[in-house]
Amino acid sequence: MSHKPDELEKSLVERCCSGDRDAWDLLFETHYPTIFAVVSWRKWRFRPEDQEDIIQEVLAEVVKALNSFEQACSLSTFVHRISVNTCITCLRRKAALKRRSSQLQTPLDMVGSGDDPGAVQLKANPESGPEELLLAKERVSFLRNALAALEERCRELITLRYLMELSFAEIAERTGAKTNTLVVQLKRCLNRLFKMIEGEI
Amino acid sequence: MGACKRPDIAERLMMALSPSDFPHEAAELEAHLKECPACREEMKALRRMEKFLGDNKDLMAELLSPCPEADALTSFALGEASDPSVERHLELCIDCREQVALIRELSQEKLDSGKLSASAQERSFFHEAVAKEYGPAKRREARAIQNLWETVSDWLNIPSLALGAAVAALLMVFLMPRGPEELRLTPVLSSAVWEKPSDTTKGPLEPKELLTARKKVAVILLLHGASEPLGQDAEQIYSKLEIVKKLGAAYDFLSPKEIKEALAGREVSGNLINVADAIFDRTSADYLLAFEILPANAGDAVKGTLFQRDRKGDLGSISQTGLSISRIPSRITTMGAELLLEAEPS
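Protein chains in written order, with this note's numbering: chain A, 1 to 201; chain B, 1 to 346.
By construction, these hints were calculated from the structure, which means they are not laboratory data. A few of these clues could be false.
[As the list claims (entries may be wrong)] Between beta-carbon pairs, the in silico distance windows are:
#	chain 1	residue 1	chain 2	residue 2	range
1	B	GLY54	A	ARG21	55 to 65 Å
2	A	ARG92	B	PRO23	26 to 36 Å
3	B	ALA81	A	ARG47	26 to 36 Å
4	A	GLU170	B	PRO136	54 to 64 Å
5	B	ARG47	A	ALA148	23 to 33 Å
6	B	PRO37	A	LYS178	23 to 33 Å
Glycine included, each C-beta is placed from N, C-alpha and C at the ideal position.
Could you build all of it, start to finish, from the sequences and the hints given here?
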């Protein structure tokens with residue numbers, strides 16, 4: 001599957017990149033069946049009308065990416081890979097659209113809960129106006145920047161502890177660090193994050 | 001409120017938040033907390049953070065562990081690359097787990113095209129795509145970008161000449177030996193005064209000038225570890241940068257005022273993307289070239305990064321391409337790569 005391109009393929013790519021229309025036609029005829037086969041694979045569950053759009057996306061990507069074809073694999077592997085990646089992107093787009101439409105029905109609002117100023121959460125509020133939504137968006141953007149400013153180690157520890165909800169012993173097993181070290185590191189990470197977002201939470 | 005007198009205990013406060021993980025330490029910590037107002041205050045902050053993280057788990061997952069790019073996921077699924085961050089992400093993301101399973105299943109299938117020839121519409125679309133990517137307009141655009149990159153790489157290949165003795169002296173003064181986690185980025189200069197290339201008083205514009213007239217580049221120089229902007233000294237350094245002189249011949253630059261306004265009040269610490277975000281958000285820049293002067297022990301002394309405004313999507317609106325001092329990477333996988341790959345001679 002990943003064998004290197006032969007001389008014919010190399011020459012075809014060069015001709016394409018220099019703008020030879022016959023070469024592009026040959027590339028199209030040779031590799032169109034691969035694109036079609038990948039995109040129309042039944043398990044993606046794309047509708048036929050979507051498949052047409054996705055095939056066009058793959059074609060555009062192949063044209064765009066041919067300049068960067070590194071000859072580390074054959075042209076058919078290259079085209080197959082672009083087809084798979086495009087299908088994945090389309091699956092994600094579909095899922096995002098679905099999520100967005102459900103969010104539109106229940107807009108996001110940043111709401112503090114009562115006496116505890118720490119309990120800021122994203123809460124569905126059907127009465128949220130555009131200003132509240134904008135505020136929520138800005139706060140999310142602020143949080144994104146704060147997290148990006150943390151060290152990779154901190155992001156990893158917060159992910160393991162608070163998203164994957166692992167115990168310190170489990171984190172120690174995964175990372176090879178001692179639990180005593182982990183509690184010290186995680187405390188520093190939380191303190192750093194707290195300093196950055198204190199005004200926002 | 002005085003400082004904690006038992007820093008050895010203060011360091012382990014997290015144990016008090018997870019008594020089931022540390023049953024033997026709980027009593028000692030509780031006793032200490034009763035006596036130490038500083039630690040009680042710190043515990044409050046830690047509890048707030050824990051609660052915030054718990055209340056916003058979905059959002060945190062999205063921000064801390066975003067879905068890998070499609071190609072990275074495919075690589076992982078096919079066993080071409082093992083990336084711990086992708087593995088962690090898969091534990092959190094059902095969608096990506098399903099996608100990995102699909103990719104693996106597809107790789108085992110013998111596909112039958114069923115349709116050997118394309119429709120006239122698909123052919124026509126393909127020809128249009130080729131014309132768009134390889135037609136005369138695109139070739140001109142690629143040449144313009146290539147000029148930019150050639151200039152950048154020229155400069156990066158001769159760092160000592162480009163930076164000059166002034167920078168070396170400043171590095172010695174301002175770069176304190178600190179741990180990597182304490183490094184800070186400080187923008188020391190935003191731009192300089194440029195003689196714009198599109199000066200119509202000098203006669204008709206050259207084709208290259210016409211081509212690049214709409215491209216705006218912001219150039220900034222950042223020092224890792226410096227705590228204060230360098231003021232006038234920075235202006236002098238900047239004026240010595242060959243790259244800046246060369247780019248000035250082909251690109252329109254943002255004024256210092258525009259960039260300073262864009263950066264005003266922005267926390268830059270350790271996060272160059274913040275700078276790019278601010279500049280793209282508040283100015284008309286198309287590209288941002290950021291040069292970071294790194295500590296001597298960081299390997300390469302200068303790191304150049306090109307950011308490009310991406311008008312395609314709502315999210316991830318900036319693409320980033322890294323350069324090292326000694327080479328332009330030959331293989332880049334981010335979206336920003338397109339810019340560089342287009343620019344590289346075929």
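A quick look at each hint next to the structure:
For GLY54 of chain B and ARG21 of chain A, the hinted distance range of 55 to 65 Å is satisfied, since their beta carbons lie about 60 Å from each other. The hinted range of 26 to 36 Å is not satisfied by ARG92 of chain A and PRO23 of chain B, whose Cβ atoms lie roughly 44 Å apart. Between ALA81 of chain B and ARG47 of chain A the beta carbon distance is about 32 Å. The supplied range of 26 to 36 Å therefore holds. A hinted range of 54 to 64 Å for the beta carbons of GLU170 of chain A and PRO136 of chain B is consistent with their spacing of about 60 Å.
For the hinted restraint 23 to 33 Å between ARG47 of chain B and ALA148 of chain A, the CB-CB distance of approximately 24 Å keeps it satisfied. About 30 Å separates the C-beta atoms of PRO37 of chain B and LYS178 of chain A, a value consistent with the hinted range of 23 to 33 Å.
Checked against the numbered hints above, the structure breaks only hint 2 and satisfies the rest.
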